[in-house]
Structures are given as structure tokens and as C-alpha cells.
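S.K.: Same order as they appear, the protein sequences are chains A and B.
Each residue of the first sequence is one higher than the one before, counting from 1 in this note's numbering.
Each residue of the second sequence is one higher than the one before, counting from 1001 in this note's numbering.
Derived by calculation from the structure, the hints in this document are not laboratory data.
For every residue, glycine included, the Cβ atom is placed at its ideal position computed from N, Cα and C.
Keep in mind that the hints are not guaranteed to be accurate.
To be verified - These stretches of chain B come out as covered by chain A in the derived footprint (C-beta under 8 Å, 3 or more residues): (1) 1004-1012; (2) 1069-1080; (3) 1084-1091.
Claimed, not checked - Some residues of chain B that are not near chain A, with every Cβ distance over 12 Å (derived): (4) GLN1018; (5) SER1037; (6) THR1062; (7) LEU1094; (8) LEU1107; (9) GLN1184; (10) CYS1220; (11) PHE1233; (12) GLN1245; (13) LEU1250; (14) LEU1253; (15) ALA1254.
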Amino acid sequence: MTAAIDIRGVTRSYVVKGKPDFMALKGIDLTIPRGEVHALLGPNGAGKTTLCRILSTVLLPTSGTVTVLGHEVVRDAEKAKQCLGVVFGGDRGLYNRLSARQNLNFWASLYGLRRGERRRRVDELLDRMGLAQRADERVQGFSRGMKQRLHLARGLVSDPGVLILDEPTVGMDPVAARDFRDLVRELRADGRTILMTTHDMAEAAELSDRVSFIDDGNLALTESPTTVGNIVSTRERVDARGVPQEVRDRLTGLAGVAAVSETEAGVLRVETEHSEATRQVLMTIVAAGVTDVSRSRPSLEEVYLHLIGRRGMAVGG
Amino acid sequence: MPGFGAGFEFQIVAMRGQADTYFSLITAPFFALVFMSIMEYSGRTDLNSHAVIAPMLITMWTAALSFSGEMISEDRENGRLESLIAAPMSFAMLLFGRLCACMLLALPSFLMSYLAAGSVFGYWLSFEQPLLFASALVLTAAATAATATALSAVFVIAPGARSVQNTLSFPVYLLGGVLVPVSQYPGWLEGLTRIVYLSWGADLLRAATTPGAELENTICYLVMLGLLGATAFALGRLFISRFLQRARALGALAKE
Ligand SMILES: Nc1ncnc2c1ncn2[C@@H]1O[C@H](COP(=O)(O)OP(=O)(O)OP(=O)(O)O)[C@@H](O)[C@H]1O
Ligand SMILES: [Mg+2]
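Produce the entire structure from the sequences given, and follow the hints as far as they go.
M.R.: Shown next, in the form of C-alpha cells:
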């Protein structure tokens, strides 16, 4: 079966006045099978939006090829467009003088939906996005999060098999963001493929089958969020709160315990070399009457910081 | 043609909610009255139909110029162009559909001119050949929209052209024989007017509403009007595909 998205050797350079061409993508290879939710992570200016634009046919790659469900996005753009739903989020991109319903209706007609089908689909999406109450108000007066929901609805209007979402939850409140996660799970259950960029590590960890880190135009790593922690550490860890000093000392002496430390948040963290040691650690802690205890893996955020480095506010390029 | 239908419908919805769309219409009945008084004063009441039809053609062309000037750049500046281009339809058809809908403004303009001439000067335009009138009207509107499609691409490829946008009105009225039939012009000028679709359309519309007026070859006029409109659309499509190709290469679809 052909992959949902196949990216091979894609580079993209931009012409910048008075300077040598700027390489925003330096040779990306990535294959995303059908039905996968894939998160693209990386710092500002890494090239995420550039890649999304190439995938959605609105930007030509400088070299390399991209296919969407087998259709090459440059040569076969019309076919590729038909299976794609694209959301470039943000405050812009909508017809502000028209209502949410009119906006969606227009976009549905661009994808060739007939009148009756269109009405049904638009109603359904307005409802799904929680915009039904305000469907007939001008978009002009919408909050950022509401606009973002409308963008999402727009991307879904043609019921596409492959979705490209560039920062879909930016500006959303926590409830809307949770609804978004439910939505992505539903879409995934329908067998749709989703490529999304995000700066929200928890969101990426929760939703995606695999994540890719992109930095300075290069793909640094592609992994599943559950095993990606192995990059930072192959150790197992136990986190606990309120462990008495005397117990801490005992833990340090156990065989197979590699390190005992306290995190910034005041949590005792015990790292072990194998699962037998983990068992011993857990038993010791619980026996001391401590119940606030959990096993953990390095978070996606830790991996991100490890890979991308603590660059602070500096933008690469 | 999902692009055409979508554009046509969209533009109607968009214009409906926008009062300034209709401002240009206010001039139509006044133009009609000015032209009528010239005809009356000079004793050329045989040209009365010109006075009623000219304001409608002026409305069409004004709409073509003003809408085509903004159509692409407005979408680009508001960050919509990328999403539009990512949709599986012909962008040229979308523009053409939108501009065809803009031509609907000619109808109220015509109605007001008709009523103004009738109520003030007692001249009621008579529809001698209604079928010819209707087909000439539709063809003229389509050709105007097609020309506007080409212009919309020109304005975005060469933004400098925007500065001559407004100066394109009177030369076209003249070459299109909007008020004075081009047959009244000196021979060399008349030849030049025949490459302007409007000159054929204006002649047809007047012939259909002037008692006893017969064009030598009506079909030939209709065909010429259609051909010039089709040529304009073909050029428009070419310009637009050039523009899009270039913008995709340069990354210029999303202009901040
Ligand atoms: N049209 C353009 N012309 C010149 N340079 C561009 C253009 N578009 C993007 N770039 C540059 O390419 C690089 C990658 O930009 P891109 O928008 O893909 O980053 P991103 O990963 O989406 O960042 P963010 O997280 O801030 O959205 C940036 O350095 C940017 O300045
Ligand atoms: Mg971006």
C-alpha cells in the first residue's frame, strides 16, 4: 500500500535580497504510513511551515519529491489537492466580513460539494467545533480561538484522507484544546492520516503515533513518543514525593540504583538500571508509607530540550 | 466547473453584505439624464437608446476595473490565497465566476437609467428584439468579466499597473463606442475599436432596442463578441497560471 505521505530528499531555499540563498529545508526524508498521526516539532524558524506548504502544493520544493497517497504534489497537484485538507492557522485567512457559516459554505463549494450535501456538512462541522451558536455572526468579531476552530472546520470540509495542520491549537483555551484532542482521536479512528506541527509537547505526546524533530532545516529524529525517551536515557525512573531522608539513604544503597536526585519541582527521582531494581525501589518507598509515587519516562519536552538544546530565545538560521 | 459556481455564489454573498458595492450605481441614472439631455438638445433623439444603455456599460466596466484591481491582492494580504490555491479547482475560473457575479450590478444600473430616461424625458426604451438584447447582454457581461479576469492577473503581476487602473476607464468608453457609435469615428479609429469587445456589444445592444435599426450581420457581431471575450479569458488563464507558478517558486503566495 502506498504511504499517505512520502517525502524524499526535499530541500527548499529562499531567495533573500543581498544574501546567498537561504536553505530553509536541507534534505528531508520522511514516510508517514496511512492512519498515522504524526507531530512535527521544532523551534521557531526550523522549517515546519515550509514543509507543510510544500505538502499542500502551494510551495514548490527546490529539489526532492513529495507524494500524497501516491500523487506527486508538483506534477500531479490536482489529484493531491483532492485528498488533502490543509489548515494554516492564525488570525488571518478567513473572510472577516462574512459569517462562519458563509465562510465554510464557500470553502465547501470550492471542493465541489453540492448544495444539499454542503448544508449538511457545514452544519455538522459548526456543531462539531462548538460554533453553532455563533454561526451567523461575522468572523470579524471572533476571538482567536474561535477563528482557529473555524480554520479547523475549513480543513475538514472536504472530508480529506490526509490532513496537514500547522499549529492547529494555537490560541485555543484548554477546553477547546481538549476537544481538539478528541477530534484528532476520532479522525484517527476513521483511518485518516494527520501531520501536524505544534509547540505543545504534551499535546504531541498524547496524540501522535510518532513525532519528528526538525531543527534548522534538518530532520533530527523520528520516533514514537513512548520510546523517544530512550534517546535521553535508557534508565527507568521512579518519582516520589514526601520520602523521608532515612529512606532516601537506603534507596541510594540499593543494588542497581544509578542515581537519586531531586527535581526542580521537589520530586525525588530514582533512576535504576533494570526492572528488578525498580521493583525494589518501589517496594522500599511504599513500605515507608509513601503513596505519592509513580514510574516515569523522560518527557517529550526533556527529549526536545536535549535534542534542540537550550537555545533560549535565539532563532536559528 | 466547481471554481466558477463557487466564485459566482460567493461574490453575491460577499456583495450583499457590503453597502459600498452599490455606491457606483448612484451615478447611473445621472449619466442617463446627462446623455439624454445632450440627445434632446442636439435633436438626435434617434440616439436615445444610447443614452440609456451607456450608463449600464459604464457600470460594467467600472465594476470590472475596481473589482479586478483588488481581487487577488486582497486574498493574498489577508492570508487566504494559499488556502484557495490548495483547493482542487481552477483559480482562473473562481475569479471569472466572481467577476461574472459583479456584472449583475449592471441590472439595477440599467433599470435606474431606464426609469430616469422614461420618467424625466418621457423616453421609454423599447425592446425591439428581446432575444437579441438578452443574448448580447449576457455575452457582453461575460466578455467584460473575462477581460477583468485578465486584468486581475496583470494587476498582481505588475503592481505598478494599479496606478493606471483608473485611467483605463475613458479610453475604453471611447474605444468601446459606449456612447457614440464607433461608426461615427474617423476610419482609422474605427478599425482600432474593433479589437475592443465592447464596441461589438454596444452596437448589438443598441440595435436590439432601436426601432428599424438592423445590423448587416447580427451573427457576425455575436461571434466577434464571443471570440474577443474568449480570447480575453484565455489570456487571463495564461497570466494567472504564470503568476501562480512564479509565486509557488518564490514562496510569494503568502505575503505578510
Ligand atoms: N517566503 C520566504 N522568504 C524568505 N525566507 C522565508 C520565507 N518563508 C520562510 N522563510 C524562512 O525559512 C525559515 C523557516 O520558516 P518556517 O516558517 O518554515 O519555520 P517554522 O518552523 O514554521 O517556524 P515557527 O515555529 O515560528 O512557525 C525561517 O528562517 C524563515 O525566515
Ligand atoms: Mg510555522
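S.K.: Please go over all the hints and tell whether each is borne out by the structure.
M.R.: Right, here's what the structure says about each hint:
1. 1004-1012: Held - the segment 1004-1012 of chain B has 4 residues with a Cβ nearer than 8 Å to chain A, which meets the minimum of three.
2. 1069-1080: Held - the segment 1069-1080 of chain B has 3 residues with a Cβ nearer than 8 Å to chain A, which meets the minimum of three.
3. 1084-1091: holds (count 6)
4. GLN1018: violated, 7 Å
5. SER1037: With a cut-off of 12 Å, B/SER1037 remains clear of chain A, as the shortest Cβ separation is near 39 Å.
6. THR1062: holds, 21 Å
7. LEU1094: The claim is violated: B/LEU1094 sits with its nearest Cβ about 7 Å from chain A, within 12 Å.
8. LEU1107: Non-interface label on B/LEU1107 holds, nearest chain A Cβ at 23 Å vs cutoff 12 Å.
9. GLN1184: For B/GLN1184, whose nearest Cβ neighbour in chain A is about 44 Å away, the distance exceeds 12 Å, so it holds.
10. CYS1220: For B/CYS1220, whose nearest Cβ neighbour in chain A is about 38 Å away, the distance exceeds 12 Å, so it holds.
11. PHE1233: holds, 20 Å
12. GLN1245: violated, 8 Å
13. LEU1250: Non-interface label on B/LEU1250 violated, nearest chain A Cβ at 7 Å vs cutoff 12 Å.
14. LEU1253: violated, 5 Å
15. ALA1254: violated, 8 Å
Hint compliance for this structure: hints 4, 7, 12, 13, 14 and 15 are broken, all remaining hints hold.
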